[in-house]
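> For reference, the chains in residue letters:
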Amino acid sequence: MTVDALVTSQLAARDLRGAAETVMREFGPSIRGLLLTLFRAEPDAADEAFSLFAENLWRHLGTFRGESSVRTWVYCLARNAAVSLTREGWRKLGRPLQTRDVARLVEEVRTRSAVRLERRSSALTVLRDALDLDEQTLLSLRLDERLPWEEIAQVMSSGGDPVDVVAVRQRFTRLKARLGELARRQGLIR
Amino acid sequence: MRTEESRDPGSLSRLLLELAEIPRVDLPPELEVGLRPGTPVGRFIIEREIGRGGFGVVYAALDPELGRSVALKLLKPGSGPARKGGEWLRREAEAVARLGHANIVTLHDFGRGPGGAYLVFELLRGETLSARLRRGPLPVEELVKVALAVARALAHAHDEKVLHRDLKPANIFLCDHGAVKVLDFGIAHLFENDGPSTGGTPAYMAPEQWWEETGDARSDLFALGVLLHEMLTGTLPFGKAGVGKEAPRLASTVPRDRAPARLRALTAALTQLDPAARPPSAHPVVAELEEIEASLRTPRHRWLLVGAAALGLLLGAAGLGYALLREPPPTDRPSAAVADAENTTGDPDLDRLAELVTVAVGESRRIQVISRERLLAAGRAGSAVLPPGGRIDARAGRLLAALAGASVLLVPTADRDARGYLLRLRGESPEGGAALFTATARAEGKDEIPAALDRLVATARGELRERSEDLARSPSRLAAMTTSSLPAFRAYVEGIDCMAHPSEAAGHSGPARCAAAFERALEQDPSFALAHYQLAYLRSEEGPDRPEPRAHIDAALRSLQRLSRRDAAIILAWKAHLDGRDEAALAGYGGILAEHPDDRQVLFLAGDLLYHRGDWAGAAPYFSKLHRELDPDAEWPLEHLARCLALTGRSAELRELSAGMVRPGSPATSRRLAIKARVWLGDAPAAVVQARRDAATSASPSARHDLLAALVAAGQFDEAEQVARALLAAGGPGPGQVADQLRLLAILGAQGRFAEGWRLLQGLPRAPEGLGPGELALLRAQLAAGAGDLARLRDAAVAAARLVPEAAGKPLVLLALAGEPGLALRQATALERGSTTVRELEAVAAWRRGQRADALASVAQLEQRSPWADDAIIPAFLLAEFQADGGEPAEVIAAVERFQRVWPGDLWRGWAWTRALLLSARASERLGRLDEARAGVDRALAVLRRADPDLPLLAEARALGVRLGPRPRGAAARPAR
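The listed protein sequences correspond, in order, to chains A and B.
All letters in the first sequence, in the order written, are residues 1 to 190 by this note's numbering.
All letters in the second sequence, in the order written, are residues 1001 to 1977 by this note's numbering.
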């Protein structure tokens, strides 16, 4: 039985708990990993986003009607949690989120006295910090999670204006070019 | 023009992948949820989660197609390997599939489902080495055994070109049955697949693994060395972080007092940082460990000397000796089931090899032997299709052993060739049937077979990790302990079988039939002490003062020196009982149970002794343990437990116990007992309902006998008569027919149809095939007492006292009750002083003299001691009679209720039922409970509908009916008991 079929049958049997467990078991670790990537400099924020995701999963899973795959729906939920936390994070955490600039400053201070390996790591950090939330999501879902373009488009459309597949692909191509340029400037590639 | 990417496409792609990478994280513990029990994975059904590692989750699952439990390994969703589509598992499957070794977990299958790939392994029972190590370092003998098993597994894997690469305590499994298995070839590496090794657990990784070199067999040997160090000392030689890239200079150094020098030297050699300095392969390691193991097997004093000489540390060696003498923790005790023998010799005397093996293995204090009864019970509980004819062959044995939770199945085989007999004992894993070991022994002649079996069992016990010290302390000495005659042993086992299933013996001759088997055993071997003992035990039922039990126990005592301590203690305990020293007997049983707490025979003997002393509360725990933990289907423990609960008024427990007796698949004997239990609980109508159902679905006459008894207990005599007549019509002549005629006679008595009863009694066959004059006199007296025919009662009771003086108690009590206490007492000279019947006689005489209080006190005491007295008049009935004579009416009603809860037996109980009903009705009248009184008398009159017109009881009932008058119109009759 596929995950989608299992979740659908559990929801049909009003076994919301079972369905939530299935989703959490199958996708929870990936979502948590993605949120840690998105909030790399702020592990607390990642945890907060994951809690929000888990809360929304419980709240909204009953409304899942199979219009998309469970995986797409779950990534939409995760992205919404990340976006929501970015917008309202200070309220949830009781303090403003640490900005990327601050993180970068810290990294630069360290970079000056670090060995080559450390420099590479810092350079990568610079690249990462150059990515906004949507770009990191796009990169991770496409290259690490290997999601099809159609699913990525659905995820990127959630909670905002619809984005079609062509636009997502173009954005990915532009992102690659920009990162390549930045990487060369950082001496990461020739 | 070259694009930026094309200048260095590889490096940009790698960079992007690095940026895109999502860290592999676990969920917080509170959100970690495994698959629920019942979830299907392929054709398997998840039963429970049994383990969770970095990347995988292992579940116990059921394979419904093959009816066996398996271990399913799935990748953790979201883990790195899971994202790579199960490649990880495929690689593990590929590695393990090449291997087939007793020390490597067996892979059954590799599957891919929509939820991902999974591996199907044999399900192991026991614990991992890491769990074991949490309790401290292993004794040397045990750790050598583990290390040897791992080295053998590695030698095999390396021969098959498989490297493990992640050997550590969590990947070594110590099975309950003693086997050691290497698990988790998750990062195993095939030699021919190039590529650097990745992964591993730092503490166990060889330096070359740290440098991501491919490594070879010697990397696994390094891990084995770390393991050895850890098992010896409880610590890791290079700490938790391992050797790291900057390797230290020193290999493992085990403190000198922790192990023999050779073992320390081997550990140091294996943990050399330079691979070239380690042994070149696992084979020389196996050889070295085998030699170390052999040196440890030499007698302990010799090992101590060797150890002292080698280490120069007598103190340390003595400490080790102490450690070796300690019992393994109880959780380490393997349990063994024994399949029936595969006997190709054509000699039926070898058919019972399984029982000999059971006896011999049973000597072990470490190995728990699961009885045949418990195996079959587990099969029934697990809805297994049991083998036809009750034979447990290896296949059925595996299934039953798995259901019973055994850790090993022992399969004895006997073959014959030109050199004599070849005996084998095969140890198999109940889960999956993997062969664990095979012990072999030869016997030139049949007389040598018991000795050969001793050797066989000693080898098997060693294979099951029993230490040499334990073997020496409780050796298997069948040849000396039991008999060297196989035919004698076969007959003995038949006797034991018979005692385990007394109801399968015809009629009431169960013990007699069982005794015949032991007598046959003695014909073959007159000095067979255990057969003598069993006869002493069985013959004691006829009375402890009989000469026969004493002669047999004396014969058994003559061989006491040859017997095991346990058997000798059992015989001495019975001797003490026969001598009237029950406390000594109980102390003897207690001594055996202290050493063998699960000894079924001794548990029963101790419980039985207490039961027959009237200490039902004391006896119940013994029967409870036997029934609930050891032999759920054995008849005697269950029946005794139910009796104890009934006799001590523990109705709720009895109700619960009897509910378990009628579950689907319960044996017929349990169902029969449940009918009795319902009567004991005072719910005879429910007993009738169940008995009717059982009689309708069973062709067995015993089911109809139970129905008959339940109907009598419920006072439904018309239907009872029909059943009795049907039984008579169906049965042929013989003792069974006489018994059925007596049952009918009791029913006629209850109905007051004594004239018909006398005719039936006249027509009963006489001795030699039928009833003797003494028995006839007993029956006549019981019938005459019910008919109120004092003259006949007097004649018959006097005749019985003359013909069968020791058995005449009941007729004499009835005679006394009918008004002739003086005559009855004068006839009672042969009765045992202080016996229940004599005390009843004295109480009736006192009551007749007007000493009602004394009589009541005396009988109340008797009821306390023996409420179901088989050999006397039921005390509750006498109490009802005494109280009816001017006593407390409420006490009459209560006594009648207690009387009616006794399972129907004797002839007199037929008419006594109706009389008791009338006594109760009269008592209700005296209490002013007229409706109850009317219902009672109506019921009595209905039962007496066809009674002899001049029957005094009928006249009494009619008089009471007239006195009470007709029931008011519209008043519903309340049921009368």
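Because the hints were derived from the structure by calculation, they are not lab data.
No experiment lies behind these values; they were computed from the predicted model shown.
Certain hints may be false.
What the hints assert, rightly or not - Using C-beta positions, here's what the derived DEER-type ranges look like:
1) B:P1040 / A:R17: 12 to 20 Å
2) B:E1094 / A:R17: 54 to 62 Å
3) B:E1094 / A:W58: 53 to 61 Å
4) B:G1405 / A:G160: 54 to 62 Å
5) A:G187 / B:I1045: 54 to 62 Å
6) A:S51 / B:K1240: 30 to 38 Å
7) B:D1497 / A:L16: 39 to 47 Å
8) A:E67 / B:E1629: 54 to 62 Å
9) B:K1240 / A:R17: 35 to 43 Å
Unchecked claim - Stretch by stretch, here's where chain B covers chain A in the computed footprint (C-beta under 8 Å, at least three residues):
10) 14-27
11) 30-44
12) 124-135
13) 166-180
C-beta atoms are modelled at their ideal positions from N, C-alpha and C, and glycine is treated no differently.
> Hints first: check each against the structure and report whether it holds.
Structure-based check of each hint:
no.	hint	in the structure
1	B:P1040 / A:R17: 12 to 20 Å	holds (19 Å)
2	B:E1094 / A:R17: 54 to 62 Å	violated (38 Å)
3	B:E1094 / A:W58: 53 to 61 Å	violated (41 Å)
4	B:G1405 / A:G160: 54 to 62 Å	holds (59 Å)
5	A:G187 / B:I1045: 54 to 62 Å	holds (57 Å)
6	A:S51 / B:K1240: 30 to 38 Å	holds (32 Å)
7	B:D1497 / A:L16: 39 to 47 Å	violated (57 Å)
8	A:E67 / B:E1629: 54 to 62 Å	holds (57 Å)
9	B:K1240 / A:R17: 35 to 43 Å	holds (38 Å)
10	14-27	holds (count 6)
11	30-44	holds (count 6)
12	124-135	holds (count 4)
13	166-180	holds (count 4)
The structure fails hints 2, 3 and 7 (numbered hints given earlier, in ascending order).
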